[in-house]
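Q: The chain contents come next:
Protein chains: 2
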Amino acid sequence: MEVTRKNFKESLDTIYSAIEEADFLAIDGEFSGISDGPSVSTLTNGLDTPEERYHKLRKHSMDFLLFQFGLCTFKYDHTEVKYIMKSFNFYVFPKPFNKNSPDVKFVCQSSSIDFLASQGFDFNKVFCIGIPYLNQEEERLVREQYDERRSQSNGVGTPSFISPNSSKGPVIVPEEHKVFIEKVIEKVEDLLHTEKNSVHLEPCTAFQRKLIYQTLNWKYPKGVHVETVETKQKERSILVSKVDEEERKKREKEKQEKEQEELNDSVGFSRVVHAISKSGKLVVGHNMLLDVMHTINQFYCPLPEDLNEFKEVTTCVFPRLLDTKLMASTHPFKELINNTSLAELEKRLKETPFISPKVESAEGFPSYNTASEQLHEAGYDAYITGLCFISMANFLGTFLSPPKQHISARSKLIEPFFNKLFLMRVIDIPYLNLSGPDLQPKRDHVLYVTFPKEWKTSDLYQLFSAYGNIQVSWIDDTSAFVSLSQADQVQIAVNTSRYAESYRIQTYAEYVETRMEEKRAKRKWSEDSWKEVERKRLKVQYAASLSTSPSYGFPRKGTPGKRSMSPIQEEQVSDEMEEGEIQGSDESGASNWTSTSPAHTKSTRKHKKLKTEAVTSSELFEVPQVW
Amino acid sequence: MEVTRKNFKESLDTIYSAIEEADFLAIDGEFSGISDGPSVSTLTNGLDTPEERYHKLRKHSMDFLLFQFGLCTFKYDHTEVKYIMKSFNFYVFPKPFNKNSPDVKFVCQSSSIDFLASQGFDFNKVFCIGIPYLNQEEERLVREQYDERRSQSNGVGTPSFISPNSSKGPVIVPEEHKVFIEKVIEKVEDLLHTEKNSVHLEPCTAFQRKLIYQTLNWKYPKGVHVETVETKQKERSILVSKVDEEERKKREKEKQEKEQEELNDSVGFSRVVHAISKSGKLVVGHNMLLDVMHTINQFYCPLPEDLNEFKEVTTCVFPRLLDTKLMASTHPFKELINNTSLAELEKRLKETPFISPKVESAEGFPSYNTASEQLHEAGYDAYITGLCFISMANFLGTFLSPPKQHISARSKLIEPFFNKLFLMRVIDIPYLNLSGPDLQPKRDHVLYVTFPKEWKTSDLYQLFSAYGNIQVSWIDDTSAFVSLSQADQVQIAVNTSRYAESYRIQTYAEYVETRMEEKRAKRKWSEDSWKEVERKRLKVQYAASLSTSPSYGFPRKGTPGKRSMSPIQEEQVSDEMEEGEIQGSDESGASNWTSTSPAHTKSTRKHKKLKTEAVTSSELFEVPQVW
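Chains as they are written, first to last, in this note's numbering: chain H, 1 to 627; chain Y, 1 to 627.
Hint data in this document are derived by calculation from the structure and do not stem from the laboratory. One should not assume that every hint holds.
[Stated by the list, open to error] Simulated crosslink set (DSS-like; lysine-lysine; CA at most 25 Å straight-line): (1) Y/K187 with Y/K99; (2) Y/K125 with H/K125; (3) H/K6 with Y/K125; (4) Y/K56 with H/K522; (5) H/K99 with Y/K56; (6) Y/K99 with H/K56; (7) H/K125 with Y/K6; (8) Y/K6 with H/K453; (9) H/K59 with Y/K249; (10) Y/K453 with H/K99.
Make a model of the complete structure from these sequences and hints.
A: See below:
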């Protein structure tokens, strides 16, 4: 079911009850882009720590807009032995609902937009009839403004102004407005002593209107009704009417109800996310880290800087999350599933030993046909994510004795997969652990190498040709991690590099230490109070500059437009996509224009892919304990 | 005529000849937003210098996308005594055309998008079938890459590699790829000595493909054709075919022609702008500074930092520009025209003493009807801008003796208006002068005031209540210009403020001096070489910190969400729009969420508006010399 601003309000009850009755929910989001900084392949370095990955995504992905949100609710019918699903495809847009509402600026990445366009995405539905939303802070502010307006209007017996000054009594009218306000009072006195019902004051400035409101509220707490009206020429002026108490209250009430409704409308789509959150139901997604980050960032609060705080917030908003990509990459599935991209996974789970689940659309809901794919429509993606979850959960039932055909979303069997979000393309840490500390793999075979920005992957292969098979994970134009096949080669490599001029090698441990020091220096800065910092200023700055400035002589950042020359030129080709999520941006993100050598990241990824399978061993991964 | 990616190529000749035959051209652009920083009313301070305004627009407006470009060509038919117009409405989008093309990120401002949506703007036409483009540097890079690919393919007699190393002879094959490459050579030898016509090599990495290309080019400069093919699974592999010289050359030629065409396609809409530029024709726009900035930034080169450089670039790209808003605000028009917004101007120019020009659509071109407005479609806006220009130009002819009914775009009468772009909402400098230094009005009645961010316009009115009528131009949350009615009050105000703790007053001259010093310090930084800076480091930093750190104790930047409390609360209302250009963003820009007190800027604007009429006197403005 497609939900836009046009039918949102009338659909809310349907949505609420679908969530309420469901056994579990599946979600998916479509964004206006993925990375506004480095290319996606640089954004997702194979040796990122969970902290690093979180910081990068927070920095480079959150300015994009989540503009389509898919929700699919699944309810198990025990008598019919099938799931009943209700799917919703929401178009979401931060339409400013009035002059006080936030004017959101969001970024679009042309490759992502182009990709969605090629999938038949309807941008007019987003931009013209997208459902508005407010995050919690924005909602609080708007409600405050509303209360403020209410207390300023003469609906309340005595005016209770927010401003401490004006609440005390007579309004302070600046000298130059005194004559103006006196004239207004004359006119109102006139009104009160004649037959007329109302008087139209002449157009004036916002400030003067404020003064009028305050003065009349104070002078005539009862008996007159003051409201702002707009002329055809969009000029605003004030209409003062004589009303009896009853009429005045009625008018005020109507106005307040209208405002209250507008306010609820402006909270808009956030109400759906609140309902999902409040339900406490299991929420399933595929490769859902970015979906979760965007959902919280857009509808709850700006993401915290600290990963642990993010984990806390996320667990509050979504107490139970399950990532089907992580599930499919874990024993006992990973042995059976080669390609965990959503479309491929869905296909694979239709074949033995898996069993396609029986799922039907609820009455009145359109059904999706998995044969004619509608991939990258958020509602459809949420739907097949749900299908994948059901198939995999049921497969776990076959390990029980006696085997069980249906495994519910509340089964203990799936608990080991809870709150572990797949970490895309990280070699040795399969997931971000929302309910505890993250895995810390040994990285004693890894080198941190810095070099001139002209270097390409081939130069690194040549440099380390003596060490057998290596694996390169690019960090940026001038640095990369190089994983050697044996940890005992690390010291040799470091020693050999000591007299090199063009490049520099550190062990992974040294790299981490340097980063920690930089962080400590930084934190010191922000934690100390201004005055203290001022006192320590020269000293601290000097120390910081020592630890951050590189000790070799080539620039750190590539100049866009400057072409690279290296001993061996690589052909520039694109690799097969690894993941279905906005593939377009993935592809051209990797061939980012400003990157001086798009090709290197490509072959890196290919290598990484091979390696991933070898390294993500079950020793590193918390294997579910049930079997 | 609507032009998208679908009909762009077939329309190019029509567009070129329309430009070629025209007497003058009118243009207009629609953008995805106006300001990604301060609200529009803060962006356009009434006392901006042209440099300041340019810097602000460059900083806060250039990340938006110009996504609709209107071009209307006007050709005068002397026999029929009428203009023939051809109007084009281009949808423009930076679609990445292949993996090497730039992946542009652009910002959208929800108020602007919402405004365009309310005007029936078709976003699908932009994002799905918008015409691509490249700026000149991008085009150069793509052409270079193309040449590189050509020289690497075996179309050329001898391979001439870009890479100095590989051009010398045998390819350096890294140790681990040697076996692989040897196998490839074996296969090719096999091919050459059997009946087969071609051999399909197994899929391999991009790097390996590069090695294959280089090796085979070097080993078999003639006799084999090497090409990369893609399998259904999107895997790339290499196909080696036996070909005779003629066949090989034919294939290469075809491939090159196809690539050349793709390349021209990717330059796309920029070709239209190049044609406008090359024609040297008069280009008319309404309030066109942003249009010109976006056009140059998007289709030529990133805007230079320096205003004078911008003037140079602009004069190169558009040798003759005319801004109808500036023209309408100037003698003899300003005495006759109250509202210079495009829609109002067009209406006014239909009435006496002006005469509606006779303008007809060329055959085959749809005609616009000014009665049923299609404002904010770029093609329509360009069209009525042209109408306004014709009416005003012809009006100048009535001053001649004998009066002339038709004034051509080449008439000396309109030259005084050339290359002067309207400066929106600047009190005392009506235009940016592209062909010379800008006007420098006296500002000795102006104070620069800094204060706590809780202050509102009313607080400033109160502070200066002793000085009679004042005018406030907000700079940011904690500073504003205050113009006194008499210059001799300035020193009194400065003296009075000396012992104030919460606020601080400088004369405008002092303010300018401080800014200049800051600039000099900054420039020193960037001009000095790294080593020199390193040596001077501590000294310079200390000096800079003295000149930039405020001497009072409240924070400079408002915290979003923190509410302001001031003695007098102002009602928050929106003002009448001053300008037709994306009014939506104008409106809600002014009520920007992060601004702690949206109201203050409003009343400022109102005041400014009144003042503008008083101050933009003909003494300041270069009045055309003709009358």
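Q: Compare the distance between the alpha carbons of H/K125 and Y/K6 with 25 Å, and conclude whether the hinted pair is satisfied.
A: holds (22 Å)
Q: Please work out if Y/K56 and H/K522 have their alpha carbons no farther apart than 25 Å.
A: violated (30 Å)
Q: Just to be careful, I want the Cα atoms of H/K6 and Y/K125 compared with a cutoff of 25 Å; is the pair within it?
A: holds (22 Å)
Q: Is it true that the CA of Y/K125 sits at most 25 Å from the CA of H/K125?
A: holds (13 Å)
Q: For Y/K453 and H/K99, compute the direct alpha-carbon distance and say whether it is at most 25 Å.
A: Holds, at roughly 21 Å.
Q: Does Y/K249 sit within 25 Å of H/K59, going by the straight-line distance between their CA atoms?
A: violated (50 Å)
Q: Holds or violated: Y/K99 and H/K56, Cα atoms, limit 25 Å.
A: holds (23 Å)
Q: Are the Cα positions of H/K99 and Y/K56 separated by 25 Å at most?
A: holds (23 Å)
Q: Taken at face value, is the distance from the CA of Y/K99 to the CA of Y/K187 at most 25 Å?
A: violated (30 Å)
Q: Can you confirm whether the C-alpha distance between Y/K6 and H/K453 stays at or below 25 Å?
A: Not satisfied, since the Cα-Cα distance of roughly 40 Å exceeds 25 Å.
Hint compliance for this structure: hints 1, 4, 8 and 9 are broken, all remaining hints hold.
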